[in-house]
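Next come the chains, spelled out residue by residue.
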Amino acid sequence: MVLRIERDHSRFKKIVRGHIKKELRKYITKGELIGRQGKDLVSIPIPQIEIPQFRHGRRGSGGVGQGEGEPGYAVNVGEAGNAPGDHLLEVDVTLEELANILGDALALPRIQPRGKRNIQEARDRYTSIRKVGPESLRRFKRTYREALKRQIIAGTYSFLDPRVIPIREDRRYLSWRRVEKPESAAVLIYMMDVSGSMGDEQKEIVRIESFWIDTWLSQQYRRIEKRYIVHDAVAREVDRETFYHTRESGGTKISSAYDLASRLIDEDYPPSEWNVYPFHFTDGDNWGGGDTELCIELLKGKLLPRVNVFCYGQVKSMYGSGQFIRDLREHFEEADNIVLSEIRAKEGITDSIRDFLGTGR
Amino acid sequence: MNLPAQLERIREAIEAAARSYGLDFFETHFEVLDYDQINEIAAFGGFPSRYPHWRFGMEYESLKKGYAYGLQKIYEMVINNDPCYAYLLECNEIVDQKLVMAHVYAHCDFFKNNFWFSKTNRKMIDEMANHSAHVRRYAEKWGEARVESFIDACLSIENLIDYHSPFIKRRDAEPRPGAPPASEDVEVRRIRSKNYMDRYVNPEAALEEERRRLEERMRDRKRFPVEPERDALLFLIENAPIEEWERDVLGMIREEAYYFAPQAQTKIMNEGWATYWHSKIMTEKILGASELIDYADHHAGTVAVQPGQLNPYKLGLELFRDIEERWNRGMFGRDYDECEDLRERTNWDLKLGLGRDKIFEVRRIYNDVNFIDTFLTPEFCEKHGLFTYRWNEKKGRYDVEDRSGAKVKEKILAMLTNFGQPVIVVEDANYRNRGELLLRHRYEGIELRLDHARDTLRNIASLWRRPVFLHTAVEGKGKLFSYDGKEHQEIDVEESVA
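Sequence lines, in order, name chains G and S.
Under this note's numbering, think of the first position of the first sequence as 1, with each following residue one higher.
Under this note's numbering, think of the first position of the second sequence as 1001, with each following residue one higher.
Okay, chain S solo, but in the shape it has when bound (with noise of 0.2 Å):
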C-alpha cells in the first residue's frame, strides 16, 4: 500500500536524513492502519499472518482493553524482514509519525548490521504464512482441538533453546541411537621408550590414570546425549516418537522461537539505539518548530523512568550517548582507566571525536550481556541513580540493596543471562536404562516455579511418551521431580543424580 502523499513526503525527508548520518538498512514499507488492525498485527508478533492459537487472541484482548480505556498505545512496530515492515497508526499526528519512522529506520539498520541478527531468517513474513498454512492443514486433517493443545504442550517448552547455538558448532553430526559405537577397544597409548627407561617414562600410575579416563569416555560415548543438550526442543524434535505433523509444529515453534530471540538479546541495545537516532534526526532536521512541544511530550514518555524500575529505552539511550561521549573525549584506554585524579577524570577530552565512528562499530557486534558488561561504568550508575532491589521477607516488600556499580552490573548480566530463565539441559534420554528422560536444572541460587514445572514436566512427558524427570533444587536440597503420565512424584535426592 502506497503512502498518503504528505507521509510519503514526510517519509523521503526522513529517509534521506538517516542515510546522511551513515545509517544503512533495509528497505522499509510504512502501512497505516486503524487501531483494530495494528492491535490484530501487534497480537500476532507483527506479522500479517500467524497459525491459528488463542494465545494470539489473549494478546488481543489485551491490547484492545488497553486501547479502548486509553491505558495502552502501540508505539511503534517494525518487522525484522527484508524489505522490512513498519506499521504507522493512523489517527496519530503527523509529529508522531514523523518520530516513529525515524525510530524504525533506526530498528531497521540495527536488524541488518548488528550481529545476532545475522543469521536470522530475513523472508519471516512468507515463512510464517507457511507456518500458519502448515498448521491449518493439520487442523483439518487432526482437527483443530488437538492440533491446539499440541502446540500449547510444544510453548510450554519453546525456552528451552540454545540461544549461543546459531553461531557455534556444539556437536558433530550424531550417529543416529543404536548405531555400533566406533570402536569398543580400551587400548592406552604408551610412549616409546627404550626398556630400561620405560617404567620412568610410562609409569605405572599414569597409565592406570589414562586407563581409568578412556573407561570414562567409553562409558560417556553410551550416554546418549554425550553432551548434556541444551537445545531441548531439537533433541525432542529429532528423538521423541511423535508424528510427523507434531515433528514439524514442534519444528516451527523451534524456528519461530530462534527467529525471536535476538530480539530479545539485544532489546536495551536495539531500543537504545533507535531512541538515540529518533532523537538525533528529530531535532537536528526534521522537527518543525510548531511540533517541538508534542514532540518534547512524546519522547520524555518514552524514556520516563517508573520509580523502581528500568526503562531499556532509557538506559540503551544513555549508555549510546555516554559511549559517544567517552569516546569523543578520549576516556577509555589505560591511560584514562589508570588516571586517580577526580578532576582530571572529569575533565578529560583529547578530542578524539570517535564518538559516532565507536556507537555503529557498538551497534554491529555487541549484544546486551557484553554491552553492558562493557560499557556500564560505576560512574554511569551513579549519574543515572541506578540501584539493586531484593525481596525482604521481613518486611514483605522490595527493599533497596545497593548502589555500588558493581553490583548493579552484576545484577543486570544476571537479568540478561539466558534472558533470566533457568538453564535446563536434557542430561540423559536413557534414564535408569529405561528409555525415560531426566532433565537437569542448572541451579544456580534462584528455585523453580513448582507448580509450573511440574505442568510443563507433564507435557514433555506427552511428547516423550516414557516417564519423564526434572532434577533441581528445592530450598538448597537436591529434589528429583517425576511425572509418568498418571502422576506426580518427589524424590529427595544427593545433589548429583548418577
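This is chain G alone, in the form it adopts within the complex (with noise of 0.2 Å):
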C-alpha cells in the first residue's frame, strides 16, 4: 500500500539533503536517538528541521524533575519531560546497520574497487540438490516429492490411501556448489598531528569521524586493515589506542608522517591487491624550511599513484596557521584522488564524512 505520507517524506529527505529549498538547511538540527555499539556509544542521527518561532533561549529558565539529589547536585536534563517515560530507550546496533543508516543519511555511494585489484576467491556454498550424497544431508521436502511424482506417474498413488514410500531412487540430497567471489582488501592508513597545536576537541574530532570512516569502510571490504600513524616533527607507527590519546608537544613536520606511509605501502601492501586509503588529520600547521614541498614530492612521486584516494581533513584549531590546505589546494587542483575538507567543529564531521567517502572511489 502507498501511504500518503511518502510524498512530504521524500520532500523532506530532499530537503535534508540539500537538494530543495535550501534557505531551510540552516534550520536542520542533528536531533538524535542514542544508541549503542559495544563499549562505545554512537548516535543515529535523525535531522530535524525547527521551523522558526519566537521562543525563549535554551537554559533560560531551568525546570523541575524528580528524583533524588540535594541542591547543588548535577542534573541530567534531556528533553523537557513531556513523554512518557519509556520512550527513550538504547539500543544494540550492529555495525553493518550502523554502516547502513551512515549511508543512508549521508547518501554515499558503494564503493567500486578498482578491476585489478579484485582477487578471485573460490567458496563453497551448499545451494544446489544431487542424487547422491550422505544421509545427514538428505532433504525430506525434496525425496517425499519426488517419490510422490513418480507414484503419481506409475498410476500407483490413491486419495483412498495416500501412503507415500520412496524408494532409493527418489532420495535428494543437499550438495554444494562452487562460487567465486571477487575479494577485495582495504588498509586505511590514519595519520593524526599529535603536535602541540592539537587540542582534545581537536581529537575528539578525528576520533569521531575516523570511527565512522571506519564503519563504513568495513562494511564495503571484507578485509580490512588499519594502521595507525602519528607525527609531530617524527613520524611512528602506533596501536589504536596510544593514537587516539597520545598528546605530544613538538614541532610539526607532515612529511615524517607521508614517508612513513608511503614505506608502509611498499613493505606491506602492493597496490595491485590492496585498496588503500590514507587519512591525514591535523591542523594545518606544518614547518617550514621546505617542508610542505617535501610533501607534495611525496604526495605526487609516491602516495597518489598509489591509493585510491588521498584524504586530507584538516581540524580547525586555536593555534594552527591552516596553512597547509591552502598549498594542497594550490597544486592538486587537477588531481582526483585526493580530497581536501576543513572540518571546522563537531558539528562538520558529517559533511566532512560525505566530502570523503562521497566520491565512491
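To be clear, the hints were calculated from the coordinates, so they are not data collected in a lab.
Quick reminder that beta carbons are idealized off the backbone N, C-alpha and C, glycines included.
Each hint should be verified, as a subset may be incorrect.
What the hints assert, rightly or not - If you want the ones that stay clear, here's a sample from chain G, every Cβ over 12 Å from chain S, calculated:
1) I15
2) K21
3) V75
4) R145
5) W176
6) R207
7) Y269
8) D355
What the hints assert, rightly or not - Straight line, CA to CA, 30 Å or less: simulated DSBU-like cross-link-like pairs of lysine-lysine:
9) K1477(S) <-> K1394(S)
10) K14(G) <-> K1267(S)
11) K1169(S) <-> K1267(S)
12) K1486(S) <-> K22(G)
13) K21(G) <-> K1169(S)
14) K316(G) <-> K203(G)
15) K1267(S) <-> K346(G)
16) K316(G) <-> K22(G)
17) K1486(S) <-> K1395(S)
18) K1169(S) <-> K346(G)
19) K1267(S) <-> K21(G)
20) K1351(S) <-> K346(G)
Taking the hints as your guide, dock the two standalone chains into a single complex.
Laid out in C-alpha cells, this is it:
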C-alpha cells in the first residue's frame, strides 16, 4: 500500500540532503536517538528542521525534575519531560546496520574497487541438490516430492490410501556449488598530527570521524586492515589506543608521516592487491624550511599513484595557521584522488565524511 | 472498519467497565493498523489526512526510525472528535490492546467533558480533510513550492495565538481601519452644582486631570490596534495585505492551532486521567491472571521517571490519586489547613468518601495551570521528590536548585503558563506613522532565542509587506529588532517604546 505520507516524506528527505529549499538547511538540527555499539556509544542521527518561532533561549528557565539529589547536585536533563517514561531507550546496533544508517543518511555511493585489485576467491556454498550424498544431508521434502511424482506417474498413488513410500532413486541430497567471489581488501592508514597545537577537542573530532569512516569502509570490504601513524616532527607507527590518546608537544613535520606511510605501502600493501586509503588529520600548521615542498613531492611521486583516494582533513584549532590546506589546494587542483576537507567543529563531521566518502572511489 | 471478533469482545467489556465507573464519552471507533500506517497517522498528528507539507514527513522519518531501531513505539493515539477515533497497533499483545482501550476511553471522557475542550471543533477530521483539499487546490493553482513556502512562514507564527480567547470576548466588532472615529470632542463632564459650590464640587485640578485622561483615550483610539493584540494570527488575517488564498491558509493554520491548544493546556491532567483509569479498569475488572506481569511491566514503563525529568503521565496520575485520597479523608478546608499537629494531619480521616466525585469535578473544570496551582501541595512535592533545577554557568551543567513545595509549584506554573512560550503582542500597526508593524515581547526575565527571533521577524515581514519591529530585551536592556525586507537591524532603546 502506498502511504499518503510518502510525498511529504520524500520532500523532507530532499530538503535534508539540500536538493530543494536550501534556505531551510540552516534550521536542520541533529536530533539524536542514542544507540550503543559495544562500549562505544554512537548516536543514530535523526535530522529535524526547526521552523523558526519566537521562543525562549535555551537554559533560560531551568525546570522541574523528580528524583534524588541535594541542592547543588548535577541534574541530567534531556528533552524537557513531555513524553511517557519509556520512550527513549538504548539499542544495540550492529556495525553493519550502523554503516547502512550512515550510508543512507549521507547518501554515500557504494565503493567500486578497482578491477585489477580484485582477487577471485572460491568458496563452497551449499545451495544445490544431487541424487547422491550422505544421509545426514538428505532433504526430506525433496525426497518426498520425488516419490509422490513417481507414484502418480506410475499410477500407484491413491487418494483413498495416500501413502507415499520413497525408494532409493527418489532420494535427494543437499550439495554444494563452487562460487567465485571477488575478494577485495583495503587498508586504512590513519595519520594524525599530535603536535602541541592539537587539543583534546581536535582529537575528539578525529576520533568520531575515523570511527564512522571505519564503520563505512569495513562494510564495503571483507578484509580491512588499519595502521596508525602519529607524528609531530618525527613520525612513528602506534597502536589504536595510543593513536587516540597521545598528546605530544613538538613541532610539526608532515613529510615524516607521508614518508612513513609510503614505506608501509611499499612493505606490506602492494597496490595491485590492496585498496589503499590514507587519512591524514592535522590542524594544518606545518613547519617551514621546505617541508611542505617535500610533502607535495611525496604525495605526487609516491602516494597518489598508489592509493584509491587520499583524504586530508584539516581540523580547526586555536593555534594552527591552517596554511597547509591552501598549499595542497594550489598544487593538486587537477588531481582527482585527493580530497581536502576542512572540519571547523563537531557539527562539520558529517559534511566532512561526505566529502571523503562521497566520491565512491 | 470492524474490529476482529476477539478484540471486539474485549472492547465491549472495557466500554461497559468504563461506563460502570461513570466515564462518559463519545462513541469511539478503534482501528487496527500496522506500524507503517500508525506511524503515518501519528505523523499527521492523529488524522488520516492533512495538507501536504514536509513537516509531516519529518515526523514520519523520526517515528519510523525510532520504531525500526526499537527506540520508541507509539503507545496510544486518540483524536478529539465526535465520534472519537483511536488506533491500535496490530502486532501488540492482547494485554496491550486492553490497556490502550481503557486508556483511550478515559481520554475520550476527558475530551467530551473537560471545559477547555468545550469550544473545539468536534468534526475536526472532516475539517482537516477540507483544509487538505483547499491547500491541494491552491498548490495546483499557484505552484507547490509557493504554497509550501507560505505555509512555512505561517507555521513560524502559529504559536502567536491567544489561548484564552475562545472563552473571553476581548473586543467588540472592530470598525474597519479608516472608518471615522465615533467622536473627536473632548468634553469633560462637570457634576451639577450650585454656583457657589462649583469650586468645591468640580475643582480645577480634577477637571484638568480628567481632561488629560480623555485626551489620552482619544489618542489611544487613533492607535491601531487599540489594545495590544495577543492573537497576532488573527490580526494578520484581518489586516495584512495578503491574497485571498493566503488569508485562507493562514486561517487554517490558526484554526488548527486553536484546535490543538487544549491538548497542550491539559497534558498533565489528560494523561493523568487516562492513566488513572486504565490502571483502575485493568486491575479491577479486565486483567486476566496470566497477563498480570506484562501489564505491570508496561504500566511501569508508562509512569517511569527518568532521573531529573517530569513525566506528565506520572505526575497527573499521582495528583488524581492524591486528590481522591484527600477528599475521601476530608483533608481539605479550614480545619485541616489550620491544624498544625503533624500526627493529627497525617492520620486525618473524616471518612467523607468524596474522592470519586471530586476527581470527576476536577476533570470537568480545571486545566493544567489551575490544577497544579490548586492541588500540588508541599506534602505531595516531598513525597514524590520533586525539585527545581537551573543552569549553573560556572559548572556548565544543570544543578538541583530547591526542593520546597512553593518553589516547585512556582516553576511548574511558569513552565505551563502560555506553555512556557514568550508572550508577544501586536502593539502598533502604524508604527512611526508609516504603516510599519511593532511587536512587543512581554519580557519576564527570559530572553528570546535571537537567531530564531530574527528569522521569524523576516517571515512576518513577508506577510505584512512593510518593515516589522520587535521590542524585546537582551541582557536586561531594551532592544528593538527590525527587518525591512532587505536587512536586519538592532537598536538599543529605553525600556519603553513610544
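Here is how each hint holds up against the structure:
no.	hint	in the structure
1	I15	violated, 6 Å
2	K21	violated, 8 Å
3	V75	violated, 4 Å
4	R145	holds, 34 Å
5	W176	holds, 35 Å
6	R207	holds, 21 Å
7	Y269	holds, 36 Å
8	D355	holds, 24 Å
9	K1477(S) <-> K1394(S)	holds, 23 Å
10	K14(G) <-> K1267(S)	violated, 34 Å
11	K1169(S) <-> K1267(S)	holds, 25 Å
12	K1486(S) <-> K22(G)	holds, 18 Å
13	K21(G) <-> K1169(S)	violated, 41 Å
14	K316(G) <-> K203(G)	holds, 11 Å
15	K1267(S) <-> K346(G)	violated, 36 Å
16	K316(G) <-> K22(G)	holds, 25 Å
17	K1486(S) <-> K1395(S)	violated, 41 Å
18	K1169(S) <-> K346(G)	violated, 51 Å
19	K1267(S) <-> K21(G)	violated, 34 Å
20	K1351(S) <-> K346(G)	violated, 62 Å
Violated hints for the displayed structure, listed by number in ascending order: 1, 2, 3, 10, 13, 15, 17, 18, 19, 20.
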